[in-house]
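Engineer: Chains as they are written, first to last, in my numbering: chain A, 6 to 230; chain B, 6 to 230; chain C, 6 to 230; chain D, 6 to 230.
These aren't lab readings, by the way, just hints derived from the structure by calculation. Treat the hints with caution; some may be incorrect.
[To be verified] Stretches of chain A that chain C covers, calculated by requiring three or more beta carbons in the stretch to come under 8 Å of a beta carbon on chain C:
| hint | region |
| --- | --- |
| 1 | 22-33 |
| 2 | 157-171 |
[Stated by the list, open to error] Derived pair list, reagent style DSS-like, types lysine-lysine, alpha-carbon separation capped at 30 Å:
| hint | chain 1 | residue 1 | chain 2 | residue 2 |
| --- | --- | --- | --- | --- |
| 3 | B | Lys88 | B | Lys18 |
| 4 | A | Lys229 | C | Lys36 |
| 5 | B | Lys229 | D | Lys18 |
| 6 | B | Lys52 | A | Lys29 |
| 7 | C | Lys29 | A | Lys36 |
Quick reminder that beta carbons are idealized off the backbone N, C-alpha and C, glycines included.
There are 4 protein chains.
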Amino acid sequence: MPVWDDVITERDKLVYNAAGFGQKRIGFGQKPALIIIDVTYAFVGDKPEPIMESIKRFPNSCGEEGWAAVRQIASLLPVVREKNIPVIYTASDTVQKPSAWTSWKSSRMKEENRVATNQIVREISPSANDILVYKSRASIFYGTPLLSILISLRADTLLVCGCTTSGCVRASAIDAWSSNFKVAVIEECVFDRAQTSHKINLFDMNAKYADVVSVSDIKEYIAKL
Amino acid sequence: MPVWDDVITERDKLVYNAAGFGQKRIGFGQKPALIIIDVTYAFVGDKPEPIMESIKRFPNSCGEEGWAAVRQIASLLPVVREKNIPVIYTASDTVQKPSAWTSWKSSRMKEENRVATNQIVREISPSANDILVYKSRASIFYGTPLLSILISLRADTLLVCGCTTSGCVRASAIDAWSSNFKVAVIEECVFDRAQTSHKINLFDMNAKYADVVSVSDIKEYIAKL
Amino acid sequence: MPVWDDVITERDKLVYNAAGFGQKRIGFGQKPALIIIDVTYAFVGDKPEPIMESIKRFPNSCGEEGWAAVRQIASLLPVVREKNIPVIYTASDTVQKPSAWTSWKSSRMKEENRVATNQIVREISPSANDILVYKSRASIFYGTPLLSILISLRADTLLVCGCTTSGCVRASAIDAWSSNFKVAVIEECVFDRAQTSHKINLFDMNAKYADVVSVSDIKEYIAKL
Amino acid sequence: MPVWDDVITERDKLVYNAAGFGQKRIGFGQKPALIIIDVTYAFVGDKPEPIMESIKRFPNSCGEEGWAAVRQIASLLPVVREKNIPVIYTASDTVQKPSAWTSWKSSRMKEENRVATNQIVREISPSANDILVYKSRASIFYGTPLLSILISLRADTLLVCGCTTSGCVRASAIDAWSSNFKVAVIEECVFDRAQTSHKINLFDMNAKYADVVSVSDIKEYIAKL
Numbered sequence: 006m007p008v009w010d011d012v013i014t015e016r017d018k019l020v021y022n023a024a025g026f027g028q029k030r031i032g033f034g035q036k037p038a039l040i041i042i043d044v045t046y047a048f049v050g051d052k053p054e055p056i057m058e059s060i061k062r063f064p065n066s067c068g069e070e071g072w073a074a075v076r077q078i079a080s081l082l083p084v085v086r087e088k089n090i091p092v093i094y095t096a097s098d099t100v101q102k103p104s105a106w107t108s109w110k111s112s113r114m115k116e117e118n119r120v121a122t123n124q125i126v127r128e129i130s131p132s133a134n135d136i137l138v139y140k141s142r143a144s145i146f147y148g149t150p151l152l153s154i155l156i157s158l159r160a161d162t163l164l165v166c167g168c169t170t171s172g173c174v175r176a177s178a179i180d181a182w183s184s185n186f187k188v189a190v191i192e193e194c195v196f197d198r199a200q201t202s203h204k205i206n207l208f209d210m211n212a213k214y215a216d217v218v219s220v221s222d223i224k225e226y227i228a229k230l
Numbered sequence: 006m007p008v009w010d011d012v013i014t015e016r017d018k019l020v021y022n023a024a025g026f027g028q029k030r031i032g033f034g035q036k037p038a039l040i041i042i043d044v045t046y047a048f049v050g051d052k053p054e055p056i057m058e059s060i061k062r063f064p065n066s067c068g069e070e071g072w073a074a075v076r077q078i079a080s081l082l083p084v085v086r087e088k089n090i091p092v093i094y095t096a097s098d099t100v101q102k103p104s105a106w107t108s109w110k111s112s113r114m115k116e117e118n119r120v121a122t123n124q125i126v127r128e129i130s131p132s133a134n135d136i137l138v139y140k141s142r143a144s145i146f147y148g149t150p151l152l153s154i155l156i157s158l159r160a161d162t163l164l165v166c167g168c169t170t171s172g173c174v175r176a177s178a179i180d181a182w183s184s185n186f187k188v189a190v191i192e193e194c195v196f197d198r199a200q201t202s203h204k205i206n207l208f209d210m211n212a213k214y215a216d217v218v219s220v221s222d223i224k225e226y227i228a229k230l
Numbered sequence: 006m007p008v009w010d011d012v013i014t015e016r017d018k019l020v021y022n023a024a025g026f027g028q029k030r031i032g033f034g035q036k037p038a039l040i041i042i043d044v045t046y047a048f049v050g051d052k053p054e055p056i057m058e059s060i061k062r063f064p065n066s067c068g069e070e071g072w073a074a075v076r077q078i079a080s081l082l083p084v085v086r087e088k089n090i091p092v093i094y095t096a097s098d099t100v101q102k103p104s105a106w107t108s109w110k111s112s113r114m115k116e117e118n119r120v121a122t123n124q125i126v127r128e129i130s131p132s133a134n135d136i137l138v139y140k141s142r143a144s145i146f147y148g149t150p151l152l153s154i155l156i157s158l159r160a161d162t163l164l165v166c167g168c169t170t171s172g173c174v175r176a177s178a179i180d181a182w183s184s185n186f187k188v189a190v191i192e193e194c195v196f197d198r199a200q201t202s203h204k205i206n207l208f209d210m211n212a213k214y215a216d217v218v219s220v221s222d223i224k225e226y227i228a229k230l
Numbered sequence: 006m007p008v009w010d011d012v013i014t015e016r017d018k019l020v021y022n023a024a025g026f027g028q029k030r031i032g033f034g035q036k037p038a039l040i041i042i043d044v045t046y047a048f049v050g051d052k053p054e055p056i057m058e059s060i061k062r063f064p065n066s067c068g069e070e071g072w073a074a075v076r077q078i079a080s081l082l083p084v085v086r087e088k089n090i091p092v093i094y095t096a097s098d099t100v101q102k103p104s105a106w107t108s109w110k111s112s113r114m115k116e117e118n119r120v121a122t123n124q125i126v127r128e129i130s131p132s133a134n135d136i137l138v139y140k141s142r143a144s145i146f147y148g149t150p151l152l153s154i155l156i157s158l159r160a161d162t163l164l165v166c167g168c169t170t171s172g173c174v175r176a177s178a179i180d181a182w183s184s185n186f187k188v189a190v191i192e193e194c195v196f197d198r199a200q201t202s203h204k205i206n207l208f209d210m211n212a213k214y215a216d217v218v219s220v221s222d223i224k225e226y227i228a229k230l
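Using the sequences and the hints, build the whole thing.
Structural biologist: Structure follows, in structure tokens:
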């Protein structure tokens with residue numbers, strides 16, 4: 006039973022089955038890259054604690070669900086690195102002009118000390134050969150040279166981890182699909198601060214832009230490369 | 006009560022209130038453009054009928070909800086045109102290479118006669134001065150010259166209609182926000198084939214990228230220009 | 006002796022040698038695509054004649070030099086097609102909003118009947134499997150889905166023909182290099198309406214973004230694939 | 006007599022006059038931004054000296070011509086700042102993955118200590134309100150959020166300074182024109198390491214994408230704002 010099953014109406018299930026959406030798997034290509042989106046202290050807090058506690062000090066925090074994903078990503082990293090699959094991290098650009106969003110939709114964004122909280126969490130910290138891309142918008146592609154990096158790597162498949170499911174993950178999955186990459190969103194490795202948004206964004210991505218897969222699917226795929 | 010109220014958990018409401026998401030309005034700028042995304046026969050069918058009936062012949066159809074939105078858009082168009090606000094329609098590009106999506110995620114996409122169903126519905130058909138942009142991906146910006154058109158129009162605000170809420174509308178709203186346009190999604194004028202996706206995508210956009218507003222809000226804003 | 010030798014100053018030659026520009030070859034990759042930019046009647050006229058004659062009726066025409074390139078491209082096409090190398094043509098978009106350039110820098114642009122002259126010349130007309138991309142700016146990438154097409158083709162090398170050397174070819178070579186494609190500009194297959202611009206743009210591209218190569222270099226490369 | 010007059014053939018002059026290229030001025034808009042491209046020690050060296058001397062230590066240096074432009078930009082800055090016209094500087098991104106160019110076309114690129122030489126020269130150093138955009142390719146737009154910054158500033162006109170005329174200035178002018186900004190390249194404020202490339206790139210930009218203007222033209226325009 007997919008994670009979104011309890012929030013999709015019966016009518017919606019009938020419609021998608023009849024219309025054909027999400028009825029096929031994209032599948033994996035030959036040259037994957039692992040993408041870890043914004044897994045910084047800003048988005049999980051400095052320790053696992055309930056989200057309502059965590060957001061007192063970290064307004065963007067996703068709380069414990071974030072740390073659960075960190076552990077899954079940590080288990081995946083050695084498998085990925087052993088096969089020399091490129092690992093690409095993203096984090097907020099704290100140098101360039103602040104994004105519009107800062108002032109437009111959130112009432113608490115300005116509190117945050119973005120420089121201090123913009124570090125990738127230590128449990129999954131980048132290695133010397135990994136690539137770090139700074140971004141200022143939701144999509145990992147917007148205003149970044151990522152597309153040129155993926156082309157030079159000859160990547161055809163993006164294995165997506167990180168946060169938030171309804172924010173940067175969703176925006177990046179759309180752009181990746183638009184650029185004809187095969188996109189796999191790893192369910193246990195993505196997280197969000199909202200429960201329903203998490204489920205529905207997985208549903209939407211799986212219907213249109215990506216395969217939502219498990220960590221064990223990914224490990225099996227990588228083992229065969 | 007917002008349309009998404011019944012699908013958002015109580016925890017999510019507490020989190021968003023505490024975290025500050027969606028707690029501010031972007032507001033309107035001085036130079037709006039009306040954007041009508043993909044309101045073609047492919048997405049509403051050739052007549053108002055229940056979606057399960059409509060998708061038998063039009064796999065992408067959103068059925069009656071689509072036609073309800075068409076009527077709302079039709080009521081808005083004369084108001085917009087009277088103030089010489091630019092109107093930009095989008096439709097699928099049927100000339101260039103088919104999108105990856107055709108073959109990747111949907112089991113019925115190839116049935117469709119895209120050329121025949123790719124006309125803007127007659128009730129809201131473009132006038133001679135309107136702009137028509139053909140696109141091959143979800144976002145109205147991907148692979149199109151739309152950004153250059155908006156810059157030449159000096160537009161600062163996008164009033165968004167069309168479909169689907171969870172597809173091209175969502176993808177386009179993210180990109181428009183990323184490019185620093187003020188985005189207003191007109192609730193009665195957007196539609197989707199899935200009920201929960203419609204609600205949650207409005208919720209997500211309102212929390213992060215756009216103001217979800219009513220047709221009457223828009224008419225009031227335009228009256229003052 | 007490169008074609009630009011007579012227009013580069015001695016000082017410039019010393020500087021580029023000492024600074025290292027253009028001192029290395031990019032070389033070819035494993036997956037080339039042939040790109041034929043804007044070889045339509047608008048840019049060569051309807052028959053080979055001296056440029057001053059040709060531009061009376063075709064303001065954008067490059068005259069006889071264009072037709073010389075057409076013959077070279079025609080000789081290359083069967084070689085390319087035999088190896089199933091993708092062939093991508095571009096032409097002006099005559100549907101979408103006219104480009105700014107129309108009215109900004111040229112005093113004769115509006116004379117032209119763009120629809121009538123926007124056909125690829127018959128001597129090198131596209132086959133059923135070729136890809137045709139319509140564009141509205143100089144670069145073949147600006148406002149087009151070309152990048153997504155190249156990614157889906159897994160192309161790593163662009164073999165560039167067409168016109169004009171100082172216009173769309175130069176703009177496209179910069180963008181292709183920026184996106185990390187290996188770029189080879191085929192000297193006999195590109196052309197321009199200005200003699201010095203043709204030479205210097207080849208010099209500039211060869212120094213920074215591309216290898217300027219001969220048709221025979223390309224045939225030799227393709228033979229080995 | 007334009008600076009390119011001595012390198013353009015008589016035939017070319019006849020052709021451009023007859024064809025209409027460069028025969029019109031774009032003119033200035035209402036909301037300019039000053040763009041200063043890559044005026045760092047890497048591109049002018051640490052003091053004014055002949056280029057052949059300067060490139061011994063700074064392989065990218067343009068030598069004395071660069072410093073002459075620095076003085077002109079320095080004279081322009083107070084005029085621009087007095088009117089609160091936005092000033093946007095660019096410099097190389099030294100954090101993200103090195104560009105392909107590093108290894109592809111230049112034989113000396115790896116010598117350079119990019120971090121040490123990537124400072125804007127002191128004579129025109131940024132003020133607190135200025136914007137600094139880091140880029141990894143030739144165009145100031147490629148892989149950067151600059152377009153979103155210009156849209157949020159409501160800019161319609163780019164006044165372009167910096168280097169090199171045949172490199173980042175040319176690439177950026179094409180992209181700016183493609184996005185429908187009015188582009189003015191300030192002749193005394195741009196510079197290149199090659200004499201003929203400098204002239205021909207000014208000629209090409211003036212023919213197709215930009216007005217090549219003098220510092221005094223710009224001061225006159227700004228005085229009237």
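Engineer: Counting residues of the region 22-33 of chain A whose CB is closer than 8 Å to a CB in chain C, do you get three or more?
Structural biologist: With 0 residues close enough to chain C, the hint is violated.
Engineer: Is the Cα-Cα distance between Lys52 (chain B) and Lys29 (chain A) 30 Å or less?
Structural biologist: holds (29 Å)
Engineer: If you draw a straight line from the CA of Lys229 (chain B) to the CA of Lys18 (chain D), is it 30 Å or shorter?
Structural biologist: violated (53 Å)
Engineer: Count the residues of the region 157-171 of chain A whose CB lies closer than 8 Å to any CB of chain C, then report whether that count reaches three.
Structural biologist: holds (count 3)
Engineer: Could you grab the alpha-carbon distance between Lys229 (chain A) and Lys36 (chain C) and see if it respects the 30 Å cut-off?
Structural biologist: Since the Cα atoms of Lys229 (chain A) and Lys36 (chain C) sit roughly 24 Å apart, the hinted pair holds (cutoff 30 Å).
Engineer: Between Lys88 (chain B) and Lys18 (chain B), is the straight-line Cα distance small enough, at 30 Å or below?
Structural biologist: violated (39 Å)
Engineer: What's the verdict on Lys29 (chain C) and Lys36 (chain A), does the C-alpha distance respect the 30 Å limit or exceed it?
Structural biologist: holds (28 Å)
Checked against the numbered hints given earlier, this structure breaks hints 1, 3, 5; the rest are met.
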